[in-house]
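Undergrad: Below are the chains, spelled out letter by letter.
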Amino acid sequence: MKVSFERISKKYKKKWVLKDFTSHLEYGIYGLLGENGAGKTTLINIFVGILKSDQGRILINGTDVKKIGIDFLSHIGYLPQYPQFYKEFKVMEFLRYMSVLKGIPKEQGEKRAKELLEMVNLSEAKDMKVGALSGGMRQRVGIAQAMLNDPDILILDEPTAGLDPQERIRFRNLITKFSKNRIVLLATHIVSDIEHVANQVILLKDGELLRQGAPQKLTDEIMGKVWSITATDDALEEMLHLKISSMMRDDQGIHLRVIADDKPNDHAVHVKPNLEDVFLYYSSEGEKW
Amino acid sequence: MVRLFFFEFRKHFMKKSLIIVMICFSLLNVAKIYSEYHEKSLLSSSANPDWHELYWGELYEKFKGVMTKQKIESLMSIYQPLEQQTADKTASTESNNPNTYTGNLYNDHLFFKWNFVDPMEYSYMYQQYANDVVKNANENLSFFESLGNDYEYKKNSIILDRFQGRSIDSFSYTEMFQYYIHYDFSAFLVILICLYALMSVFVTEKETEMDVLLLTTKAGGQKTIFAKLFSASIFVCAVSFWFGLIDFIAFASSFGSLEAKFSPIYAIENFADTALNISLGEYALISLMVKTIGFLIVSYLFLFVSLFFKNALLPFIISLFFAFGLIYFQEAYMGSERIILKVINPFSLVVHRMLFSGTEFVNIFGFPMLSYTAAICFGIICGGIFLLAIFIFQRKNTIYRIGVKQRGDMVV
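If you read the protein sequences in the order shown, they are chains A and B.
Residue numbers for the first sequence follow the numbering used here, beginning at 1 and rising by one.
Residue numbers for the second sequence follow the numbering used here, beginning at 290 and rising by one.
FYI, nobody ran anything at the bench for these hints, they're computed from the structure.
Accuracy of the hints is not assured; some may be wrong.
Claimed, not checked - Heads up, simulated DSSO-like pairs for lysine-lysine below, C-alpha to C-alpha not over 27 Å straight-line:
(1) K87(A) with K13(A)
(2) K424(B) with K402(B)
(3) K15(A) with K424(B)
(4) K129(A) with K599(B)
(5) K66(A) with K90(A)
(6) K14(A) with K512(B)
(7) K87(A) with K495(B)
(8) K11(A) with K67(A)
(9) K11(A) with K424(B)
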C-alpha cells in the first residue's frame, strides 16, 4: 500500500491553508505534527473526501482516489476530532450501526466488533450507553469503530485531546497495536503522542510541509542546536529573547533548554535534542516570555 | 438498507422524551374530544341527559333507516302539534309537564326539530337539490358548448357526472361524523410532535460531530440520507395514523355511535356541494390519508430547514414560524374565490375540509381539475421538491460529488 499526496492545496477565502503538500506514505505510523491551524485537519479532510482540494491529487498505489470512487472508503478507518457519537446508543449497538454504514455483513460485523472491544478493553462496557462513557473510553470506542472494516489506512485526528495521562498512554499503545500492516496517519499538536510511536513525522506549518522523516533523523538534523543553560533569576531577563523550550527551577538556579543555531551563552552546553525541540525549531518563533 | 433504516429510526424516534410527548399529547387529545362531545353534542350525556336517554332509548330506533312515508307521517304527527303549540310562544313553560317527552313543550319542540325534523328534511330534500344542480349543469353544458367555451363545458360535465343520481334515502345519526370531520386539534398536536422529533434528524449528526464520520463510510452519504427520510416519513405516517385512530375511537366512544358510517358524505350539511360520492366511513379513511400527505409535506419542509443548522433551537423556531405562516395563509384564503391560493398551500391538505366540502376547480392548462386533486398534486410536487433539495443541499463526500465510480479500476 502506498499513498501519495501530490501538490495538495486548499484555499479559504484568500488564505492558503494547505499549499503544495507533497508526501508519500507506506506502511507504518505517520505523525502529522503541527500547531493548531497548521493545516492538519484540512489535509485529513481532503484525504477522507470531506473537503475538496483546490489543486493536487491523492494516489493510492498509483491510482487517483477520484478514479477509485466510493470503494476507496472501504480502505480507510477514520476517527475525527472530538467525536461525541450518539449518547443514546449502547457501545455494541453503535459498533453494529457503524458496521452497517461500512457495509460489513451482519455476522462478520458482530464478530469484529466483539474482537475489537476485547482489544480496546471495553468488553465489559459493551452494554453501556455511549453518553455514560469517560472521554478515554469514548476514544477507544472511536478507534474500534475505525478498525471495524480492517482498513489499510487508519486516520486519527487529534485522538488524545482531552485525555488524562493514563488514557493517553493506553491510547498510544493501541495505535501501535493496530499499526501492523497498515498506514496510520496520526494528526496531533502534542509531540509526546507521536514521539515514541511514529515511524515517520510529518511537520506542517502554515499549510506547508516543513519536514518529513524518522524521529531519529529529524532530531539528528538539529544535533548541536539544543542547549542547556543554568541561570540565576537576575540573569534570566537577558535570556528571554531566546527560543526556550523549557524552564526548570531547582536549588542551583533555573535550567533553560534553549534552541539556537549558535551558542547562546558562554555557559551553554549541548544536550541531546528530542522531537519537541525539532517541533519548536521548525514551527515557531519560540515562546514569548 | 433495511438495517440502516432501523438504526436511523432507533436513533431519532425511539427516544424516551418523544415517547413521553406522544403519551401526553394522546391523553390531551382524548380529553379534548370528550370535552368537545360534552360542550357541543345535542345528546351529551352530561349536558342533556334527558335528550340522550330519549333519543337512544326510544326514538332513534323508531325513525332510523330508510325514510318511509309511514316514518315521516309518524314524526310529523308528533312534531306538528308541538310546532303549533310553541309557535306564538304562549305555551306553558312548565318543566314537569307529564304530557311531554322531556317535561317541557319548548324543549320537546327543539328536541324533535334539531334531532329529527331538520336532518330528515335535509336528507329528504337533498335529492331535489342534487337534481337542480344536474339540471343547471345540463343547461350550462348546452350554453357553453354553443359558445365554444371548452373549459366551462368540461367543468359542468364533471359537475353533472358527480351530482347525477344523488339522494339520501336513510336517516342516521350523523352528529359524530359532523364533529369528527370538523376536528382539527389533533392535527395541531401532530405538527408539534413532528416538529419536535424531526429537528434532530439532521442536526444530531452535527451536534455529535458524526456528520464528518458518516461521510467517510460507504453508506453514510446518500444511503443514510435516504434512510433518514424514509424513517422520518414512516414516523410521520405512524404519528398521523395513531392520532387518526385515537380521534376515531374517541369520537365513536364518546358520541356512542358509528351509525352514519355508510351514509353518503353529503348527508353532512356542510358537504352538500361536495364532489365526492363516497360514504362517511370511506371519507374518514381518505381524510386521514390526505392529512398524512399534508403532514409529510410539512415535515419535509421542517427537515429541509433543519439541514442548515448546527443546533435544533433555531430551525425549530423557523419551522414553527413557517407552520404558523402556512396556517395563516390557509385561514386568509379559506373563503377566497382564488382557488389556486388554497391549493398551493400544503397545509390545506392537513386541514382539508374546504377542499372536499365544495366542488371547486383549478384551471390547469385549460383543463378543470377538482381543487382537492390539484391540492394533492401540488402537495406531492412540493414534497418532491423539498426531498430533492435535501439531497442537493446535504453535505456529501467529494467522491460522491465528483460522481466517479469505477469499480475494478485497481486493486488496493
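Undergrad: Against this structure, judge whether each hint is valid.
TA: Hint check results:
1. K87(A) with K13(A): Violated: K87(A) and K13(A) sit about 36 Å apart, past 27 Å.
2. K424(B) with K402(B): At roughly 30 Å apart (the allowed maximum being 27 Å), K402(B) and K424(B) break the hint.
3. K15(A) with K424(B): It is violated: about 78 Å lies between the C-alpha atoms, which goes past 27 Å.
4. K129(A) with K599(B): 23 Å, holds
5. K66(A) with K90(A): Not satisfied, since the Cα-Cα distance of roughly 35 Å exceeds 27 Å.
6. K14(A) with K512(B): 35 Å, violated
7. K87(A) with K495(B): 13 Å, holds
8. K11(A) with K67(A): 23 Å, holds
9. K11(A) with K424(B): Distance ~75 Å between K11(A) and K424(B) Cα, so the pair is violated.
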